[in-house]
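Protein sequence lines, in the order shown, are assigned to chains A and B. FYI, the numbering for the first sequence is 1 to 117, going by my numbering. FYI, the numbering for the second sequence is 1001 to 1113, going by my numbering.
These are computed hints drawn from the structure, not numbers from a lab. A few of these clues could be false.
[As the list claims (entries may be wrong)] If you want the ones that stay clear, here's a sample from chain B, every Cβ over 10 Å from chain A, calculated:
# : residue
1 : Asn1057
2 : Gly1107
3 : Leu1113
[Stated by the list, open to error] Chain B is faced by these chain A residues, among others (derived, beta-carbon under 8 Å):
# : residue
4 : Val13
5 : Met89
6 : Phe107
7 : Lys109
Note that the Cβ used here is the ideal one computed from N, Cα and C, for glycine as well.
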Amino acid sequence: AQTVTQSQPEMSVQEAETVTLSCTYDTSESDYYLFWYKQPPSRQMILVIRQEAYKQQNATENRFSVNFQKAAKSFSLKISDSQLGDAAMYFCAYSRYSGGGADGLTFGKGTHLIIQP
Amino acid sequence: DTAVSQTPKYLVTQMGNDKSIKCEQNLGHDTMYWYKQDSKKFLKIMFSYNNKELIINETVPNRFSPKSPDKAHLNLHINSLELGDSAVYFCASSQKGTKNIQYFGAGTRLSVL
């Protein structure tokens, strides 16, 4: 079974600085997808960024970027120029590549990100 | 228009009751899901469903059952509610061929007293 581990229950960063959230996963599959979701206090789950395992290039979305190391099974999220609105729980998630089948996401336990003004 | 909507947002009920949570998506997606988020914020897949298959997480008690009247709806029925069922339940949807990007509803907080 696949597992996702987030080793940092909580991280704190000063506004405008950069922070990196860690995620490792375990799988025997060669094709899969990885995601970072954000959950602010409103409870809504918001997709931040995603990565396909077959792509070597790291995904970026504005201030958010990932460092994907397939051999090490590591998928960290870097947030640049942190803003107060970035404060939230961040979840790393894994999905098997199923060719279109109904595959649920396997989540890590989350990292609570605090932004210090 | 909300893409994935769940009702109700909050549900308070007594142990032993039967309750349902409704989910509707207007994205035209072919796959829907139910997740449970416990008090420690841990999210776990309960069901995945498209018009061809239902995948049930083996740890989900059979008191929980998904029901899909059509492709846009996946409701969650819970029988004989227990204290341990208290959690936030999220519905999500995705479309085949879109790399399993899932869109979530706002969640339903279920409190069993």
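Verification of the supplied hints:
| no. | hint | verdict |
| --- | --- | --- |
| 1 | Asn1057 | 7 Å, violated |
| 2 | Gly1107 | 5 Å, violated |
| 3 | Leu1113 | 21 Å, holds |
| 4 | Val13 | 20 Å, violated |
| 5 | Met89 | 6 Å, holds |
| 6 | Phe107 | 4 Å, holds |
| 7 | Lys109 | 6 Å, holds |
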